[in-house]
Every structure is written in C-alpha cells, then in structure tokens.
Amino acid sequence: MKCVQNDSPGLWEALHGLNVKSLSLGKRGYVFDLNHKELFWRFLSSLAHLEKLSIKVDFDIPSLCKALHGRNINYLSLRWSWKVQDLTVNNLKLLSQSLSSLLQLTTLSVCVDGDSTDLWKALCGLNISSLSLGCALGGLTVAHEESLSQSLSSLTQLETLSIDVYENSPGLWVALLGLNIRSLSLIITRGGGTGDHVEPFSQSLSSLTQLETLSIDVYEDSPGLWEALRGLNIKSLSLRITRTGGTVNHLEPLSQSLSSLTQLETLSIDVYADSPGLLEAFSGLYIKSLSLRLNDWTDGLIMYLVETPSQYRLSLNELESLSIDVDCDIPSLWDALRGLNVNNLSLRVKWRNFNHVESISQSLSSLIQLETVSICWDKFVLWEVLCGLKIKSLRLDFLQNLGENNVYEFLSQVLSSLTRLETLCISVDIDSPILWEAFRGLHIKSLSLSGRQSRGLIVNHVEPLSQSLSSLRQLETLSICISEQRPGLWGALCGLNIKRLSLSGFYRVNNVELLSNSLSSLTQLKTLCNTVRKDSPSLWEALSGLNIKSLSVSNKLNGLRVKN
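Reminder that position 285 of the sequence shown reads as 285 in our numbering, one-by-one numbering, no gaps.
Honestly, the hints are just simulated from the structure, not real lab data. For each residue, glycine too, the CB sits at the ideal point set by N, CA and C. Mixed in with the good hints there might be a few duds.
Under the rule of at most 16 Å between Cα atoms (straight-line distance), these lysine to aspartate or glutamate pairs were calculated in the EDC-like manner [what the hints assert, rightly or not]:
{"no.": "1", "residue 1": "K66", "residue 2": "E38"}
{"no.": "2", "residue 1": "K526", "residue 2": "E476"}
{"no.": "3", "residue 1": "K392", "residue 2": "E422"}
{"no.": "4", "residue 1": "K288", "residue 2": "E265"}
{"no.": "5", "residue 1": "K121", "residue 2": "E145"}
Pairwise CB distance ranges, derived in the manner of DEER restraints [claimed, not checked]:
{"no.": "6", "residue 1": "Q413", "residue 2": "K549", "range": "36 to 42 Å"}
{"no.": "7", "residue 1": "R313", "residue 2": "T107", "range": "29 to 35 Å"}
{"no.": "8", "residue 1": "Q203", "residue 2": "N317", "range": "29 to 35 Å"}
{"no.": "9", "residue 1": "R440", "residue 2": "T527", "range": "24 to 30 Å"}
{"no.": "10", "residue 1": "G10", "residue 2": "E484", "range": "30 to 36 Å"}
Please model the complete structure; the sequences and the hints are all you need to start from.
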C-alpha cells in the first residue's frame, strides 16, 4: 500500500484485514491527519502480516502508541510534523512502553524537531540492529548528549546507525564514543561538519573499533573532516558533497587520509563541480571497488599535478569494479582509466555533446580483464565504445524512449561484435522491431528483458520478438517482465530450448490456453519462476501438467495470497 494524507471511517473499513506486509501513511512533504483514532487502531490490529510501518503524522502520541503496542513489525519509521511537538514526559513514557513491546523490531527510524532527555530514554534497551535519527527541518542538533549517549550505549544489538545532524554538534560526537556499530552514516546539512570541533569528531570515529562502513554527506569539505578519517580500519567509505557547485578544496588532507586507510576496499565519491587533483587523491590505493559521480564538471579539470593529462594513468592495481556517473565529457578521465584490471564496469552517461568517442573507446578496449559492462544511456547513445569488447555480460538501460533510428541503428552491429557475450540484459519501456532484430542470432545463454526502474516492458512488436527468440540457439535462461499481455506474446515463447524461464509484471493471465500451450512446448524447461500481482484460476490452469523440476510462484510486493 502506498501513501494517503488523511483518513475517513470508510477508508479504515475498506482496508480492514488486508494481507499487506508494508504500510506507509503520509509521505515526504505531507503529513497524515489522523481523525478517527479508534477505527485506525482496529484497522492496524487487523493487519496480521504487517512487517513494515512508516508513519508521518500530526498526532496525539497516546493513540499512536495504542495502535503500535505489541505489533509484530520488524521495521518502524516515525516522523513528527514540524507543526506538532507533543513530546511531553508522559507521552514519551507511553512511547517507550510501546517501542519495548515491539519484540520483532530490528529497524527504527525517528525524525523529530529536536532532542530531549525523555525522547532518548524512550529508545533505551531496544533490541534493534539499525537506528536512524533525523530532524524534520534540517539536521538534528544534540543538546542532551549524555542522555543520547546512555541510550545508544544501551542498544547492545545495534550494528547500523544513521544520523542527520546540523553543523557543529559536539554533543553528538561525544554520544558516539565507543559504540560497537559496524556501519555509520552521517548527513551533515550545513558547513564542513566539524567546525571548531575536529578533535571530538576525530576521537569519536577512532573509538568505533568495530566500524567497517562509513558514509558522510557533507555540505562542503574541510581539512578537519578529512583529517578525522585518518587511520580508520574501515572497509567501505562513501563521501558526498551536497552543495550545488561544491568542490573538494582540501585535496592534500583527503589524499593523506585515504592513503592511511589500509583496510579500505570500497570507495565512493560524489562531487558536484570541478575538483582539480581529485583523481590523483585516490591513485595508488588498494581498493577493489571505486564509484565516481561527477556532476557539472568541465573538460580536463579532474587532475591538477600532471602537466600532460592525456599521459596520466590511474594507479589502482587491485581494482575489480568501477562505476562512473557523469553528465559531461571528461577526456582526461577516460585516458586515466586505460589499462586498469577491472572486470566489472558500470557507466551512466548523461551528456549531449560528446567529442571524445575515440578516447573512451580506446580506454574500454584496454581493459583486458573486463567481463561485465552495464551502461545507462540518457540523452545520447554511443554504440561505438562497445564494439569488439571481450565481455561476457552486458546490461543496457535506456533512461528515455529515444527514436528508433538514432538509438538502435548500430545496435545489431555492436552486439554481433561481442563474440564472447553470454548474458544480455535490456531495460527499455517501449520496444521496436529494430531492437528485437538487433539480437537475432546471438550466441548468448541468458537474456533478460524489462522496463525501466523495474517496470514492465510494453511489447508492441510480437512477431520480430518471436523470430529473434527462436534464433537464439544457445539460450538457456530467459527472463521477461511485461506490463501488458499483447496478443501473440505467449506464442513468442513456443518451442524454445530454454531450461529456465522467469515471467513477471502482469496482473493475471488473460490467455490461459496460449500460455499453457507455450509452456508445454518448452520440452527442456526445468525451472519456472512466476511473479504475479494477483492469484487467479487462470494462473494455475496455465501451469498444470508441466514436466518441470522447480516451480516458484510469488507476489513481488506482499507475498501471494492464494484463493484458488
């Protein structure tokens, strides 16, 4: 179920007893107005299978606590509207009792307009493994650090902590001291985060001896922020500068800190604007995975110290996986990537004017260990850069429904040049004959077809699809996610020699006989996975009599409720 903003008696009566596992009331930018408290309590009590509950409310806490008490949920998100702060001592005691009664609770997210001693006491002793704390307006300012510290220390099962904090909150750094968490996420909404409190921040991070994953979103960088990272034993680090136009201005302390992270395996960098020298800052690291998200950059400004950028090579000898998200052409970046030993590459390209096709093509060709490529095209498609690669797996995501001629014109030639390709995944909302013709006769073993963002694909050209599927003689695994069952679609599956088939996206089976005949014709089929939105008699009719060894039928969202 998705979000609603207000209630009525008829609403709760209509929803009573649903088999949902996840419920969200209110959403970002809106609050949920609870007017019929007793009906709401009855409704919530009727959701026997509810596991995840998210509420943004203008509330009275007693009604909320009554509705929550004793539920078997494992995820709870509470967000108080900035208009209402009903955090009296008595109400917070009720909240504490309700939270303590949630014996299955593992994840708790709380968003309020400020802290209080009793608020932090309400969290004491919970058996949660994940906690998120934030403020409805901006970051959280911690004024009662001792109470927060005691509460956090009492969470003996806590492994993951996420905090949205306002700048210069020394009380928070004190509260974090000595926690046994493995993952910490800090969103610092203003400034460089440490301000005049570098030492407490550094001491807090150093005291987290079990910490493996650290994520920091900061409005702008500062030397103190980077220095606080020095010598940590973390395995994964994510750094993001959130200010539009924000750059990394203090590269030397960043570079020194990164070099000191001897256990680091995964690094993610998200920067809005040109930061000369950034590339050199993590050159020489022994990381296995690198993710770069670069927005509003201009040509040639990713390096600073090198006199001839085109001759610079990034030294990351242990790197296995590389992800790049850019909205502009940075030729010096492509040159620097040449010769890396990565086996997994992900590219998201959003530029319109790309003038260095040869540079990126040469860089990709130089990645001799490359096996898997995932490319997300937005406004422009560069088929040339894929030609002749020795990859085994390719995923193509089209963010926009571009015209047939300029998008798919060279796709067939490109795919045919990938002589070692075994797995092909295509994500696009609307098909075209040229798209289906492009993979005709390939020697792939696995094919996945779906719409963008996990939506179903709309198949308008069934005959070309059918012909292409029939031509894939080596195909063993086929996965199709469709949003509409067009006439003849099931017939496109007839006679394939596949061993594994996955079907998803459709609401119910419309043409039982056609689907049944198609499935029966798959004489080599061993495994069938069917993800549907609703149970129906036609579904079971279509599956009857199959000679398969493995069958999986499910509802992707809430579990299949079988009535037939």
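To see whether the hints hold, each was checked on the structure:
1. K66 - E38: holds, 9 Å
2. K526 - E476: Between K526 and E476 the Cα gap is close to 10 Å, so the pair holds against 16 Å.
3. K392 - E422: At roughly 5 Å apart (the allowed maximum being 16 Å), E422 and K392 satisfy the hint.
4. K288 - E265: holds, 5 Å
5. K121 - E145: holds, 12 Å
6. Q413 - K549: 36 to 42 Å: holds, 39 Å
7. R313 - T107: 29 to 35 Å: violated, 43 Å
8. Q203 - N317: 29 to 35 Å: Since the Cβ atoms of Q203 and N317 sit about 33 Å apart, the hinted range of 29 to 35 Å holds.
9. R440 - T527: 24 to 30 Å: holds, 25 Å
10. G10 - E484: 30 to 36 Å: holds, 32 Å
Going through the hint list in order, the structure does not satisfy hint 7, though it satisfies all others.
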